[in-house]
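Peer 1: The primary structure of each chain is shown beneath.
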Amino acid sequence: MFEIRIHSRGGQGGVTAARLLAMAALYDGKYATACPFYGAERRGAPVVSFVRIDECPIKVYSQIRNPDLVVVLDASVMDVVDVLNGLKKGGNVLINSAHKQEFAGFVTRNVDLTGIALRENLVVAGSPILNTPVLGALAKMGICSADSVKKAIREMFSDERNVKAAEAAYKELSS
Amino acid sequence: MKKIATGNKAVAEAVKQAKPSVVAAYPITPQTEIVETIADYVTSGQLASRYIPVESEHSAMAACIGASVTGVRTFTATSSHGLLYMHEMTNWAAGARLPVVMANVNRSLGPGWNIWAEHTDALQERDTGWLQVYVATVQEAYDATLMAFVIAEHNDVLLPVMVNLDGFSLSHIMQPLDTVEPGDFIPPIHLPHAIDPKNPTSYGGLTGPNDHFRFRWDIERSMRDSVNVIEATQKEFAKRFGRSYGFTDDYRCEDAEVVLIAMGTFGKEAEVAIDILRKEGIKAGSMRLRWFRPFPKLDLAGKEVVVLDRDYSFGSGGILAHEIRAQTKKDVYSVIAGIGGQEVTYDDLADFVRKRRMGTEFWFGVNTNV
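Protein chains in written order, with numbering that gives the first Met the number 0: chain U, 0 to 174; chain X, 0 to 369.
Bear in mind the hints are in silico, worked out from the structure with no lab data behind them.
Errors might be hidden in some of the hints.
If you want a taste of the chain U side facing chain X, the calculated C-beta under 8 Å gives, among others [as the list claims (entries may be wrong)]:
1. Ala21
2. Met22
3. Leu25
4. Tyr30
5. Thr32
6. Ala33
7. Cys34
8. Pro35
9. Arg42
10. Val59
11. Tyr60
12. Ser61
13. Gln62
14. Lys149
Since this is a predicted model, take the numbers as computed values, not measurements.
By construction, the Cβ of each residue, glycine as well, lies at the ideal position given by its N, Cα and C atoms.
For reference, chain U alone in the conformation it holds in the complex (with noise of 0.2 Å):
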C-alpha cells in the first residue's frame, strides 16, 4: 500500500487534489481511499488530507501514521507543522517551489505550482489553483499514470487550462 499525506491551507485544494488522485489510481485499475482530516478547518488554516492507493481493497480508515510521500501544496504551512513527521526513510517529499530544497535522509522534489497556475491564469477568488497541476507532478513520480490524471482532472473540470497546468507541471518536475 503506498500512503501520501497532503499538506496545505484551507481553500488551496488539498481535498481536491487527494480526491483527484483517488480517481487517477481507480482510472489506472487500483484501489484508492482519500480523505481529509477534519478539525476545526477555516479558509488560510493549515489541513491535511491522505491518499492511499493498493492493488487491493483498502481497509484502513485510521490516519496515516507513516507516509510514503508528503506533499507540501503550500511551503509556509512548514513554519508551523513538522511536514517530515513520521515520513518513512528515504521517504519521497513534493513540494510547490520554484527553488530547489533538501531535507536529510529524504528525497525532494520542487516544481513552482503557484507560476504555473498564474501563468495559466487558473486562479480562483485570488488565489492560485494548485489541486490540478500537482497531478502532473505526481504522475511524473510514477504514482499514477499521465492519462488516467488527465481524465480525472476532465471529469471534475471543464476548463481544459486545468490540464494544460497538469503538463507543464509535468514537464517542470525537478529530478
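With chain U's structure known, arrange chain X on it following the hints.
Peer 2: This is chain X only, laid out in the frame that chain U set:
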C-alpha cells in the same frame, strides 16, 4: 460504473434510484451532504420527489410520517443531535408501522460539541422498533440504502429502517463506488394501511389497556419476521448485483480461538489487525456486526470474545458488549474506544486482542492496564 464517491454521496445516489416521493430534511449541523445532494437532484430534475425543508429534525420525521401514511415512499437523513431531537417521532414512525428509510451519520453527542464518529446516537434509538444496519464502506452504504427500502416496505416488516455510517471516517471518505441499475429490485410500495379519503379510517387514536400490548407485540412479531426478509433481500441483491452481505461480516472466524466484534469502520479495519495477529500465531478472527436490530444469532461457541464499543451506557457499560453477553451468556473483554472520533489504529485493535482480560472492561486512553 465505477467512480470515486464519499459515503454521503453514495447514500444520496441510492436514494435517487429508489425514487422516494417525499424527502423531508433539516439542513443545519450536524446534518450532512446527504440531504444537500438530494436537494440538488430534486432542483436539477434528476429526482421527482417532493422535497420538504423543515424547521427541525422533529419536524423532518413528522413530515415523513405524514407523507408515509398516504402510502408513498419517504426518506430523510440525520445525525447525532438531530436524531436525538427526532426521538419522539422515531417511536411514532415505528408504532404507526411506517416504512420510512433514514440514513444516520453516527456522531458523538454533546457537550462538549463534537461532530466526530461514535455510535451512541443510534444506539439510543435501539428500543424504538426501527431496524438498524451499520455499514463500513462507501459501496456498502450505497448497497444497504437500496436494500433498506425493500426490507422496510416488505409486507412482513412494515417498519422503518435506519442505515448507519460513521461520521467523517465513512461519511466523508472517498472510495470506489460501483452503482447499479436497480430495475425492479425495489418493488413499488404498497402500504396496506395507507389512508384513503374515499374510505375514511382513524389511526393512532386512544388505544386502551386491552389492546395496546397487541400492537406492541405486533411490532416484535414483525421484527422477528424481518430476519427472513433481510436474508432474502441480501440474497436477491447478491444474485442480481454480485455483492453478498450477511447479518455479520466474518473474517477468519472458522478456526479462531478469539473473536473481535465491532460495528462500522472499526469492524473493517479489524481485519488488518487479525492478519497481524495470525502472523504472530494468535488464532484470531473478526466479526463485524452489520445488523443491530434485529439482533442476529451469533455463533461464538468455544471462542473468547473481545467486544469493541464505540458507545457507552453510563452506569452500565458498552451497549454492544451488553447485547452479546445477554445473548451468548459469555464473559467478554469489553473495550470502549473511538468515543468522539478518538483515533484507533489496527495496531491498537490488535493490542486489545493480545492483552485481553476476559470479564473486564477497558477504556482506551483512560485505563493503562490494557
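Peer 1: State for each hint whether it applies.
Peer 2: We went through each hint and held it up to the structure:
For Ala21(U), the interface hint holds, the least distance from its beta-carbon to any beta-carbon of chain X being 5 Å, beneath 8 Å. A least Cβ separation of about 5 Å between Met22(U) and chain X falls short of the 8 Å threshold, and the interface hint therefore holds. Interface hint status for Leu25(U): upheld, as the beta-carbon distance to the closest one in chain X is roughly 6 Å, under 8 Å. Against a cut-off of 8 Å between C-beta atoms, the interface hint on Tyr30(U) holds, since the closest Cβ of chain X lies about 6 Å away.
Of the supplied interface hints, the one on Thr32(U) holds, with its beta-carbon coming within about 5 Å of a beta-carbon of chain X, less than 8 Å. Nearest Cβ of chain X to the Cβ of Ala33(U): about 4 Å, under the 8 Å cut. The hint holds. Taking 8 Å as the C-beta cut-off, the interface hint given for Cys34(U) holds, the closest approach to chain X being about 4 Å. Below 8 Å, beta-carbon pairs count as interface contacts, and Pro35(U) has one with chain X at about 7 Å; its hint therefore holds.
Of the supplied interface hints, the one on Arg42(U) is violated, with its beta-carbon coming no nearer than about 18 Å to a beta-carbon of chain X, more than 8 Å. Hint on Val59(U) holds. Least Cβ distance to chain X is approximately 6 Å, under the 8 Å limit. At a threshold of 8 Å, the smallest CB-CB gap from Tyr60(U) to chain X is about 4 Å, leaving the interface hint in force. Because the smallest distance between the Cβ of Ser61(U) and any Cβ of chain X comes to about 4 Å, under 8 Å, the interface hint for this residue holds.
Satisfaction of the interface hint for Gln62(U) is found here, the shortest Cβ-Cβ separation to chain X being roughly 6 Å, below the 8 Å cut-off. Using the Cβ-Cβ criterion of 8 Å, the hint placing Lys149(U) at the interface with chain X is not satisfied: the shortest such distance is roughly 16 Å.
The structure fails hints 9, 14 (numbered hints given earlier, in ascending order).
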